[in-house]
Amino acid sequence: MIEIKDLHKSYKMGSNSLHVLKGINFKVEEGELVAIMGSSGSGKSTLLNILGMLDSADSGEYNLDGVPIKNLSETKAAQYRNKFLGFIFQSFNLINYKSAAENVALPLYYQKVPRKERQEKAMKYLERVGLKPWADHLPSELSGGQKQRVAIARAMAAEPKVLLADEPTGALDSKTSYEVMDLIQKINDEGNTILVVTHEEDIAHMCKRIVHLKDGVIVEDKKVEQVRAEQYV
Amino acid sequence: MWLFDKDLWIEIFHTLGKNMFRTFLTMLGVIFAMIILVLLLGSANGMSNGFNKLFAGTASNSLFVWGQSTSEPYKGFERGRRIRYKLEDADILKKQIPQIEVLAPRIELASHRGTVSVYRNGQTSGSAVYGDYPEIDNITKKKLVEGRFLNQTDIEDSKKVCVIGEETYKLLFEKGEKAMGEEIRINGVYFTVVGIYKPNNNINIDGENAVFIPFSTFQKAFNSGDRMGWMAIAVEESTPVAFVESQIKTILKTKYDIHPDDERAIGSFDMSEIFNSITAFTTVLQGFSFFVGIFTLLAGVIAISNILLITVKERTQEIGVRRALGATPIIVKRQIVIEAIVLTAFAGLVGFAIAVGILSIMNSMWGSGDDFPFVQPMISIPQFVISFILMVGLSVLIGLLPANRAVKIKPIDALREE
Numbered sequence: 001m002i003e004i005k006d007l008h009k010s011y012k013m014g015s016n017s018l019h020v021l022k023g024i025n026f027k028v029e030e031g032e033l034v035a036i037m038g039s040s041g042s043g044k045s046t047l048l049n050i051l052g053m054l055d056s057a058d059s060g061e062y063n064l065d066g067v068p069i070k071n072l073s074e075t076k077a078a079q080y081r082n083k084f085l086g087f088i089f090q091s092f093n094l095i096n097y098k099s100a101a102e103n104v105a106l107p108l109y110y111q112k113v114p115r116k117e118r119q120e121k122a123m124k125y126l127e128r129v130g131l132k133p134w135a136d137h138l139p140s141e142l143s144g145g146q147k148q149r150v151a152i153a154r155a156m157a158a159e160p161k162v163l164l165a166d167e168p169t170g171a172l173d174s175k176t177s178y179e180v181m182d183l184i185q186k187i188n189d190e191g192n193t194i195l196v197v198t199h200e201e202d203i204a205h206m207c208k209r210i211v212h213l214k215d216g217v218i219v220e221d222k223k224v225e226q227v228r229a230e231q232y233v
Numbered sequence: 001m002w003l004f005d006k007d008l009w010i011e012i013f014h015t016l017g018k019n020m021f022r023t024f025l026t027m028l029g030v031i032f033a034m035i036i037l038v039l040l041l042g043s044a045n046g047m048s049n050g051f052n053k054l055f056a057g058t059a060s061n062s063l064f065v066w067g068q069s070t071s072e073p074y075k076g077f078e079r080g081r082r083i084r085y086k087l088e089d090a091d092i093l094k095k096q097i098p099q100i101e102v103l104a105p106r107i108e109l110a111s112h113r114g115t116v117s118v119y120r121n122g123q124t125s126g127s128a129v130y131g132d133y134p135e136i137d138n139i140t141k142k143k144l145v146e147g148r149f150l151n152q153t154d155i156e157d158s159k160k161v162c163v164i165g166e167e168t169y170k171l172l173f174e175k176g177e178k179a180m181g182e183e184i185r186i187n188g189v190y191f192t193v194v195g196i197y198k199p200n201n202n203i204n205i206d207g208e209n210a211v212f213i214p215f216s217t218f219q220k221a222f223n224s225g226d227r228m229g230w231m232a233i234a235v236e237e238s239t240p241v242a243f244v245e246s247q248i249k250t251i252l253k254t255k256y257d258i259h260p261d262d263e264r265a266i267g268s269f270d271m272s273e274i275f276n277s278i279t280a281f282t283t284v285l286q287g288f289s290f291f292v293g294i295f296t297l298l299a300g301v302i303a304i305s306n307i308l309l310i311t312v313k314e315r316t317q318e319i320g321v322r323r324a325l326g327a328t329p330i331i332v333k334r335q336i337v338i339e340a341i342v343l344t345a346f347a348g349l350v351g352f353a354i355a356v357g358i359l360s361i362m363n364s365m366w367g368s369g370d371d372f373p374f375v376q377p378m379i380s381i382p383q384f385v386i387s388f389i390l391m392v393g394l395s396v397l398i399g400l401l402p403a404n405r406a407v408k409i410k411p412i413d414a415l416r417e418e
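Protein sequences appear in the order of chains H and Y. Following the working numbering, the numbering of the first sequence begins with 1 at its first residue and continues without gaps. Following the working numbering, the numbering of the second sequence begins with 1 at its first residue and continues without gaps.
FYI, nobody ran anything at the bench for these hints, they're computed from the structure. Computed from a prediction, not measured in an experiment: that's the story for all the values here. One or more hints might be untrue.
[Unchecked claim] Derived EDC-like pairs: lysine to aspartate or glutamate, alpha-carbon spacing no greater than 20 Å straight-line: (1) K98/H - E273/Y; (2) K408/Y - E220/H; (3) K22/H - E74/H; (4) K410/Y - D55/H; (5) K98/H - E314/Y; (6) K408/Y - D55/H; (7) K22/H - E220/H; (8) K333/Y - E74/H; (9) K141/Y - E273/Y; (10) K98/H - E156/Y.
[What the hints assert, rightly or not] Going by beta-carbon spacing under 10 Å, a handful of chain Y positions derived as facing chain H: (11) E11; (12) K18; (13) A324; (14) L325.
Even for Gly, the Cβ is constructed at its ideal location relative to N, Cα and C.
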């Protein structure tokens, strides 16, 4: 599903440049649940941004479901993001003046899905995350865990090929974190490919594979026995 | 076509509607600008209408010619000779100058602007007495309160009838007394009143205290022969009055042996000059109002742009999320520009409605034009359309500023900001 070869990325910081990614190679197959770990500054967020087409690599190859991602215009990148990727952010990033259902329907709006179908789909995915009764609530009326579940519903609404989660539990207490991970695991069980960036060991072990980044290179890539979050909920 | 995309509009009204207070503040500038523009234009129009009403009934392309005294000796005549026209001059001028539309000869009793005693039942009024042709009514229209003006039959039959001014009526008759059919006496001759006219708030060349009698009757009653006092002349709309004026003077100077350079011998008054200068005044006033109004509007639209710029900054995260979710730069741009247009157009309409309300209040208070020239202050449809198109055009141009700013935000930077 995802194939990366010799990916490099450096940032210009004034006169000197910071080499963040120093040749990353890795593959993600369909249906995997991968945790990307690393301390801050290890390059894990940069990697996720490149995977999410929010940023572009300096050199290297990136293929997403067989489509080469290279030299994308802003417009093309937006279209690919919309079609291929679902984002889950640490700070939820819901639009604060739109109701839960409207937030979920937003990616579908950019796909030009007719209004009625959009609303139906939004309700369907809200139901999946167990928030159907909260469909008309504004983000400010929801708890942190609920917000993240709305964000997950939004990420799934466009039925993307890959879900990218950037510290999805970073702003949540541990009980809520496990609830969110439980949801992510269940979505993965249905065959969705998910990448989770995290620095928490217990969250990482709830995935099926852990990739360790350090100073811009992969230092470890191992399959793990998945810990089900269900038992903590 | 995206313009008719219902979702787009729902999205825009949703965004604006969910931020009511911000939206309202943004619109204030344009609302006030539109009020100022419409009030200025409306008032200028009101003044223009007021002046038009002031001159209603007076043919604008007209002039008056009368005789004065020569100021230069010529062909053996001494200076200071009084020029007296003959009735035949009217026909000569009409024949030689085809641009003359109406020529109404007039003769007056006593001197120019002089008055004569008019008697009735022991009451007296010092009034101007004119011998006139009915054509004069085409040049300076009389507003009749009662009866009629002089007509062709009066001239042909030399009827002893007269039309009197309201002022004359007040002097000669008791309040509410019937005047029609009554007789008044001028220099021992009796005339029957057939009409009373009232001042019509406009230029009143003849005054309100005057008596009009048929020219032919005047000739017989006061033995004036073929003398003619002055002429009121209406000129074709397309011909400048000054052109006809100089032709008339040339012809008359030749006929009466007046020195070609003598400026004083022939008196004349060009009505169109007054009209032109007033038209120029109101045009300049309107132009100025438009100028000021448009720049006020520009300031208002810039204020919208400014606030949109601020809100773009405020909405960095939102725009970042939208772009991460698949909004292309064009979609983001379009949303901001349309927000600018919708805000401006709506604010413009609100301002317009308020201003029209104020104008109609002004109209009901002073719109009659009795005290000063101010009639029906309102902006015309072309003025409204032009200012509206200008306003929306400006808002598109100025909406592009925040729109470009919004597009420059990289989703990655926007999302990092917490």
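- Task: May I ask which of the numbered hints given earlier this structure violates, with the numbers listed in increasing order?
- Result: 1, 2, 3 and 10
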